[in-house]
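A.B. asks: Line order of the protein sequences matches chains A and B.
For the first sequence, the positions run 1 to 271 when our numbering is used.
For the second sequence, the positions run 1 to 87 when our numbering is used.
The hints are simulated quantities; they were obtained by calculation from the structure and are not laboratory data.
There could be a bad hint or two in this list.
Below, a sample of chain A positions facing chain B; criterion: calculated Cβ distance under 10 Å [as the list claims (entries may be wrong)]:
1) 48
2) 57
3) 58
4) 71
5) 72
6) 90
7) 165
8) 167
9) 198
10) 202
11) 212
12) 216
13) 218
14) 221
15) 222
16) 228
All of these numbers come straight from a predicted model, not from anything done at the bench.
Heads up, the beta-carbon is just placed ideally off N, CA and C, and yes, glycines get one too.
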Amino acid sequence: MGKVIVVTSGKGGVGKTTSSAALGAALAQNGDKVVVVDFDVGLRNLDLVMGAERRVVYDLVNVIQGEAKLTQALIRDKRLESLYLLPASQTRDKDNLTAEGVEKVVGALKTHFDWVICDSPAGIERGATLAMRHADVAIVVTNPEVSSVRDSDRIIGLLDSKTAKAEAGERIEKHLLLTRYDPARAERGDMLKVDDVLEILSIPLLGIIPESMDVLRASNIGSPVTLADERSAPAIAYFDAVRRLKGESLPVTIPGEKRGFFGKFFGRKAA
Amino acid sequence: MNLRRLFFRPQSAPAARERLQVLLAHERLSADGSDLVTKLRDEILQVIARHVQVDSEKVSVRMERGAQVSTLAVDIEIPFDAGKKAA
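Just chain B, same shape as in the assembly (with noise of 0.2 Å):
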């Protein structure tokens, strides 16, 4: 059994180097508290509440940071008369 899992077992050095890399280019970037998909989520969020009122409750923000490419994903429940509110 302990056999097994000493030689069966993938290395995890390079997984932690991987992590590793992604997070700190993106912190290094961030130096000053807002790196791009921050600033953007940030800014969508603002423009939609300047047309209409959303209930910060049902507003869902899902981020992944990527070594190439990272996602931003912001889901918005907008009621049928929310525009007419906000005006």
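Okay, chain A solo, but in the shape it has when bound (with noise of 0.2 Å):
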């Protein structure tokens, strides 16, 4: 029985379509079987940040609503080939996600997968309730700015209450996945440093993937940016989190913590 994690985040354009991609992706690339969920129904992106935008056939609503199989719907990552892609719909609304509909999706592709990725839409809505809903482990994903972090405090909530585990009586596993960090701006001053949002958000760290240009270069060719470009930054830091959500105890490095000859010189001024 595969594992069902939700990438989650209330607060929009905060890197979880991204991370999914690079997770999903670097969970294959360590050979595991992977199929990434798309519940942004209305406003997908998932397909196009993983370069598959020109081949989807079917979609999760046609799943939901039975107009398709399963095994039709999910596309097949041409780089990859234990990744899989289950787009969302683009045409038509949220309504059209079933809590029962979602619930048999979900609990088909556990069986076929080792992880099921979910995607979750911006917002505190029923996209985003059904995304979380049958997840074993969710992904809170968090930018290191004020209203990022109130907003992951809210969707920590909304785990803790509205899942199916939560409901059940049990614990939902709970990690923090601190995106577009800029160190030099955090040694400024101008950016709230990596305790400050532990502190606040109190759940574990996962990783801290740095801001990159290399996010942004993958994105533009269609490609997780663990498969753009292994030895960047980011997809180090991904990397990096996926032997974390594996279970190993791998301690967490902050981007650009290691100075270099002008870092030496240059970065202290502000403390």
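Both chains are given apart, each in its own frame, so use the hints to dock them into the complex.
C.D. replies: Following this line, the structure appears as structure tokens:
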């Protein structure tokens, strides 16, 4: 039985889709069988970020409404044969997602894949609550910025009350993924520091993804960043996050912490 | 290492622009939810269902939307006695 992960945040634009694609690809690069499911009905983008936008035949809503079989809607990645995508519908609205339908689809995916990654839409409405509904593990994507941290706190509350696990009296495993982290700005005191965010949200840290041009470049070419450039800083951070997700206890390094020659001279001024 | 990556990597923005142009051209045409390829897909499947009873698990549909040409591939396993059953 596979594990169901929801990648969620409350706030939009923090990196949920980028992270879903990168984590999914990183897991598949380790040989695991992975499906990434886009729950953003009406505004799908995971297909674009994963470079499969021209090959969408059927979508999640088609499957829920019985218009297509699950196997027909799954799109296999062109580069990684154990990575699949289940796209969201672009033309219908989120009311087409039913609780029973989602339960059936996620249940079926769990039996075929090692990991089912649910890419949640922004907000706290139907799409977001259905994406988290059957999760075993939640990855809360947060930017070191006040509104993102506030929304993450709200989402953590929902994870502890509205998920199937929570309703059954169990605890849902929650991890924080800090994205778009700019060490230089944090150093200058212009950005919330890692410890600040951790203290406020008090959930364990899965990883810190540095703000990077590599992320934009990867989305431009339609490739998860871990595939586009395995040796880039964000790719390494995602690979490490995946190792922690799989239970390895690997210390989290703050990007840019090892200072170079110039950093030693100019970096500490604000302190 | 970093310098090599900085100078020898091809630009990615042209790829982004081209991908978006193709995608949006298709999406704008299909504002009502059914572009030509989707319509063809649905009608072809309907016609086949009228004549033979096909196990929907044995139907594979692939589409590839391109700038000039799109492709639609419908792959159906039709059992020898399928025609008799549907009659």
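A.B. asks: Which of the numbered hints are not met once you compare them with the structure shown?
C.D. replies: Of the numbered hints given earlier, those the structure breaks are 7, 8, 9, 10, 11, listed in rising order.
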